[in-house]
Amino acid sequence: MGSDQKQFEEQKRRVYLFVLPIIAASLALNLLITEDIRLVQLIKFVLLIAIIGCWGLLWTRWPLIVAEILILGVSLVYLLAAILSSLFVHMLEQGQLQLGNFILYVPFIVVLSFLILERKQAVMACFTLLLLMIAPAIPVWGSLASSQVHSLITLYVSLFVYTFLAYFLHILYRRRAEQRAIARFAYIDALTGAANRYRIDEWLAEKVEKADREGTDFSIILFDMDHFKRVNDEHGHKTGDDVLRQMADLVRSELGPGDLFGRWGGEEFIIITNEEIPGAMELAERLREAIGSHDFGKAGNVTASFGVAGELPGDTPERLLNRADERMYHSKRTGRNRVTGETAAE
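For reference, each letter of the sequence shown is one residue, going 1 to 346 in the UniProt record's numbering.
Derived by calculation from the structure, the hints in this document are not laboratory data. Among these hints, one or two may not hold up.
As the list claims (entries may be wrong) - So the derived label-pair ranges between C-beta atoms look like this:
(1) G256 - K12: 51 to 57 Å
(2) G73 - L32: 21 to 27 Å
(3) P257 - K12: 27 to 33 Å
(4) L39 - P257: 44 to 50 Å
(5) T303 - E178: 39 to 45 Å
(6) R252 - K210: 21 to 27 Å
(7) T334 - A181: 40 to 46 Å
(8) E318 - K12: 26 to 32 Å
(9) A186 - N274: 23 to 29 Å
(10) N274 - D249: 20 to 26 Å
(11) Q121 - G95: 38 to 44 Å
We treat Cβ as the ideally placed atom computed from N, Cα and C, and that holds for glycine.
Based on the provided sequences and hints, a complete structural model is requested.
Quick look at the structure:
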């Protein structure tokens, strides 16, 4: 299961945990104050127990689909029993002009169907429910009063409209999810989850433009893993990839809320921070120590060399990157595992 799907499942679980107690309380109150035929009352009671049981399953982290199918199945049985009771007992025998408050569960069942099933399956389930609700009314249609007919038609039209809306909302959600996925692949490095070079170029252009317009300061930190080729040669590319992932996670844990982080290419990474040179140097030194003291598992200890450059008036992204790159390679030439903010040549 992908991370997006897991996140969606977790969101659904939280919604169910919040909503189910409200539905259970409403149903319990309905059981206490509403008189109905024994079968419908029994089904209501079973539905109440099922809702409480499903809440327990969700709370104890049972698979979500188990609770969803149980709730959907019992709700469908209750809805069909309720409409039969309303039609043949309350309307035909007792002369009641309106359907009962069970119709409030119709949108819940439609939404639940689209949450659990694939789109086409959900549509088929909803229209099957519609047919099952229409069928018992056909033989007695002529015996119903006009207000009773109107109440039934309102129910049928409502179910159709709810299904129609859920169908197109489902399409809209899927398309937005696809757009988010496309945007993520366009901007995110698949291995480390950091921003890719394309996204970094956009960030730098935006930062330089803002600095020219508003006079704001920022710095960049460019760093490269030391002897990374040796890690790949001695331990394999799988271990090398794992080192890069761990390193990216480690760096992210040290960054502030306004810091931007990306993979510049290979084992080279970049940070864009709102700090001026002194603050950026402190951040780079903190990262150097964190990386150097971290146990990367099979690869052991790994170090990195850093170059720090602050934005200057009239700078371009290229000039800023060149300064940081020169300082990073100065760190490499002078022993590695160090931070350079300004070289003697500058």
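Going back to the hint list, which numbers does this structure go against?
Numbers 1, 4, 8 - these are the hints that the structure violates, sorted from lowest upward.
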